[in-house]
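Protein chains: 2
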Amino acid sequence: MVELKPNFKLLFESKNWITLKNTLVGYDTQQIAQFMEEISESEEIVLFRLLNRNQAKEVFQLLTYEKQEQIIEGLANSSIELSNLLNDIEPDDRTALFEELPGQVTQRLIQYLSPKERTIATKLLGYPENSIGRLMTPEYVALKPHYTIAQSFDHIRKFGVDSETLNVVYIVDKDWKLVDDIRIKEVILATPEQLVSDLMDNRFVALNVLDDQEGAIKTFQDYDRVALPVVDDEGVLLGIVTIDDIMDVAEEESTEDFHKFGSIQSAIANPLKERIFDLYKNRIVWLMVLVFMNVFSGAALSHFEDVIQTVVSLVFFLPLLIDSGGNAGSQSATLMIRSMTIGDVKLNDWYNLIGKEVLVSFLLGVTMAVGVSIVAAVRSPEIIMVVSLSMLLTVMVGSLIGLLLPFIFTKLKLDPATASAPLITSIADICGVLIYFSMASWYFNF
Amino acid sequence: MVELKPNFKLLFESKNWITLKNTLVGYDTQQIAQFMEEISESEEIVLFRLLNRNQAKEVFQLLTYEKQEQIIEGLANSSIELSNLLNDIEPDDRTALFEELPGQVTQRLIQYLSPKERTIATKLLGYPENSIGRLMTPEYVALKPHYTIAQSFDHIRKFGVDSETLNVVYIVDKDWKLVDDIRIKEVILATPEQLVSDLMDNRFVALNVLDDQEGAIKTFQDYDRVALPVVDDEGVLLGIVTIDDIMDVAEEESTEDFHKFGSIQSAIANPLKERIFDLYKNRIVWLMVLVFMNVFSGAALSHFEDVIQTVVSLVFFLPLLIDSGGNAGSQSATLMIRSMTIGDVKLNDWYNLIGKEVLVSFLLGVTMAVGVSIVAAVRSPEIIMVVSLSMLLTVMVGSLIGLLLPFIFTKLKLDPATASAPLITSIADICGVLIYFSMASWYFNF
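So the sequences go chain by chain: A and B.
For what it's worth, numbering that gives the first Met the number 0 labels the leading residue of the first sequence as 0, then goes sequentially.
For what it's worth, numbering that gives the first Met the number 0 labels the leading residue of the second sequence as 0, then goes sequentially.
In isolation and in its complexed conformation, chain A is listed as follows:
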């Protein structure tokens, strides 16, 4: 297949719209979507309007929110196209887009929906942000236990066209309460005269519509499912959530944790596209907090003015010592944050981990103290004792801070990743300064 790009440029410049429209039919929606991310806003609207209705829907769903917004704006003067598009896309993708748009735009767009789609959209938007309700689609296939397999296939053929997936079908009772989920594999492998109830084991996993989206990641992993049913408190089936949406949530969560751990206030989408002021805003808050925390290191240092002035070689080892404590602390925090995120370590495990960390950090500290005393032996043998003992203590204290802070943040109902590497480093630095110069003052009798 020819590359879309050079071909498109040529046809676009010659304004040969009909040939371009016919050419586009030959491309995969994924290729078109990827290409749309690369071209200018005016080109992308032209291209989008040349797609047929089904392509338009599929391409739209593959675009980033940013591009989706541009398309919506670009179609503003063509209410039929806009209405078709908004009615065609999957309810869950539509809710996700509406969440990204300002409230009044969403309200205006909802007017373009058919009465049926409007009911669905307003309902999904009624669930709290980051709840499963916002991720679900009401388009699934439900069977009754008394259907035969033959009847079930008829039912699926009749009602399955709109279903987001047919990989799993759901069994409901007369009150539409969920009683089971069955993989399509089992339905296909059954004989036509068997009953749905013959395939049922009455065991199923369901998400509550108000559950947190992040919690669902673990459920999907633990149960190896590609779709999960969503029920209300009474157990009534409301919709389904598919794994592609959960993978997006998982990726967002990882990004958020990673960014938090690097002391970035809220997750930044793509630094290439982000505005300079937004980048600034997301970084400055933590940096300033850390500046004012570090003022304490300075304040602590000024108490030791005499010993610093007398034994000036102490200063040479200052960056080394305080960094080492911070580095060991970052390591501990890294381990704890990730373990807590994936659920290996729980809040009340802190007690079990402390003993282990004391031992590990002792070993680390001793090794590093030996390392640093070799350096000190060459350059300033008079402070070898002070430097190596301080190293041991600083590494141990830093490690324990790194271990405990993620637990403390979790206890305070904050994300453990708030215990970022820079925060740990700064706290460990203050401790390092105090340990090092207290020890020096004592050793040199100040």
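Note that these hints are calculated values from the structure, not bench results.
All figures in this text were calculated on a predicted structure; none of them were measured in a lab.
Treat the hints with caution; some may be incorrect.
If chains are identical, the list can't say which one is meant, so a pair holds when it fits in one copy or spans any two.
[Said to hold, decoys possible] Heads up, simulated BS3-like pairs for lysine-lysine below, C-alpha to C-alpha not over 25 Å straight-line:
| no. | residue 1 | residue 2 |
| --- | --- | --- |
| 1 | K280 | K66 |
| 2 | K410 | K355 |
| 3 | K272 | K217 |
| 4 | K20 | K8 |
| 5 | K272 | K355 |
| 6 | K184 | K143 |
| 7 | K157 | K184 |
| 8 | K217 | K56 |
| 9 | K66 | K355 |
| 10 | K345 | K410 |
| 11 | K410 | K272 |
| 12 | K20 | K173 |
| 13 | K217 | K66 |
| 14 | K20 | K412 |
| 15 | K345 | K272 |
| 16 | K66 | K8 |
With chain A fixed as given, assemble chain B onto it according to the hints.
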């Protein structure tokens, strides 16, 4: 349903095996697997042997590698049970387990497999580590284009029992070359007399058997698939990879990146269970590397002995200044590493990002310089110029190091996450020391 735990304890202690066996049938395999992670090794073997064959297979696949190894050891004196288990579990899960075991154990276990399963196992183990070949299962359903839908269903019923998933079926030509993939939804919704070729669009996405596993994560996300076919260089269909295995790879990759960014040498599974020496080993290497890097800060400092001794208040601002550079650098590195991992930023984007980073870090530096000059004004007004100008420069230099290092590591074919927060901090510290005291020496005419 009653809780498994108290029930189990009671029956176990009374050695009431038959009741226990019957009770276990009533539990979900997921519940049993979770419970097995909590009990002792001897209890878990007893419990495992009480499961029926199908339960045993499913529970086994849900266990951690650690538990799986224990079970294998526990069954060593019962070759029938061991043989049943090893033959029953899915080929991809088996390969994953074999990868974790020492070579000679794997070789011994392969002898327990039936000739057919042995061929599959040795073949899968023949693919390179971390390649798609190691993740795939040869159990899928393939159709031919000339089949009718009715014939296809017969074929699926006949050969689909062992298939890991029937969510997607694959179309191959006479040489078993992949020509299309079709979602089961479309097969079900078609009429019995339609041909498979009527449903085909000859567009499909396939993974190469030698592709890297991590790269497949993006393919799954971009194309919203629950399973992808795996082909060799000639396009012959070899197997399929399902999304549950890819989600595990994605989680491992996130953990690895997170751990690397915290300067931990290789990903640590669960700090609660890890041995103390392994924890030590995975942390000490980077810590020692950083110690010796920091010796440079010390060496740099000793050149400025005179100015330090004369203007001792300079030392009070040292931790603050060097930390700020490191913190700003950590932020930039965080953004770059994550963007490179998820594919938003590519190697040759570094050039586009530098201009932006200069501006952002200038804004950050100015804000922080204002902040620090307020502190300096109160405490040591004589160095206010030196401190605030150094802050601006240190933040800018730190940010640019944080931005560029992940690109440099990628260029050197290393994971960008090797540019860990502690590494950036240490490099930024050396630069900070040089900037600060050079400026001070110049300002005070030393």
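Quiz prompt | Same-copy or cross-copy closeness of K345 to K410 [CA-CA at most 25 Å] | solution = within (11 Å within a copy, 38 Å between copies)
Self-check item: Alpha-carbon proximity context of K66 and K355, limit 25 Å
Solution: between (50 Å within a copy, 22 Å between copies)
Exercise. Up to 25 Å between alpha-carbons, please classify K217 paired with K56: within, between, both or neither.
Key: between (31 Å within a copy, 21 Å between copies)
Quiz item: Quick one: K345 to K272, C-alpha cut-off 25 Å, is that within a copy, between copies, both, or neither?
Solution: The answer is between: 13 Å across copies meets 25 Å, while 37 Å in one copy does not.
Self-check item: K217 and K66: within-copy, between-copy, both or neither at 25 Å Cα
Solution: between (31 Å within a copy, 19 Å between copies)
Quiz item: Checking K20 and K173: alpha-carbon separation at most 25 Å within a copy, between copies, both or neither?
Solution: neither (49 Å within a copy, 35 Å between copies)
Exercise. Indicate which option fits the pair K20, K8 if close means a Cα-Cα distance not exceeding 25 Å: within, between, both or neither.
Key: Within one copy, since 13 Å is at most 25 Å while 70 Å is not.
Quiz item: Under a CA distance limit of 25 Å, which applies to K410 and K272: within one copy, between copies, both, or neither?
Solution: Classified as between: cross-chain Cα gap 23 Å, same-chain 36 Å, threshold 25 Å.
Quiz prompt | Homo-oligomer pair classification [K143, K184; C-alpha up to 25 Å] | solution = Classified as both: same-chain Cα gap 17 Å, cross-chain 19 Å, threshold 25 Å.
Quiz item: With identical chains treated as interchangeable, where does the CA-CA distance between K66 and K8 reach 25 Å or less: within a copy, between copies, both, or neither?
Solution: within (19 Å within a copy, 58 Å between copies)
Quiz item: At most 25 Å between C-alpha atoms: does K280 with K66 qualify within a copy, between copies, both, or neither?
Solution: Answer is within: at 23 Å inside a copy they meet the 25 Å cutoff, but 47 Å across does not.
Self-check item: K20 and K412: within-copy, between-copy, both or neither at 25 Å Cα
Solution: neither (54 Å within a copy, 42 Å between copies)
Comparing the model with each numbered hint stated earlier shows that hints 12 and 14 do not hold.
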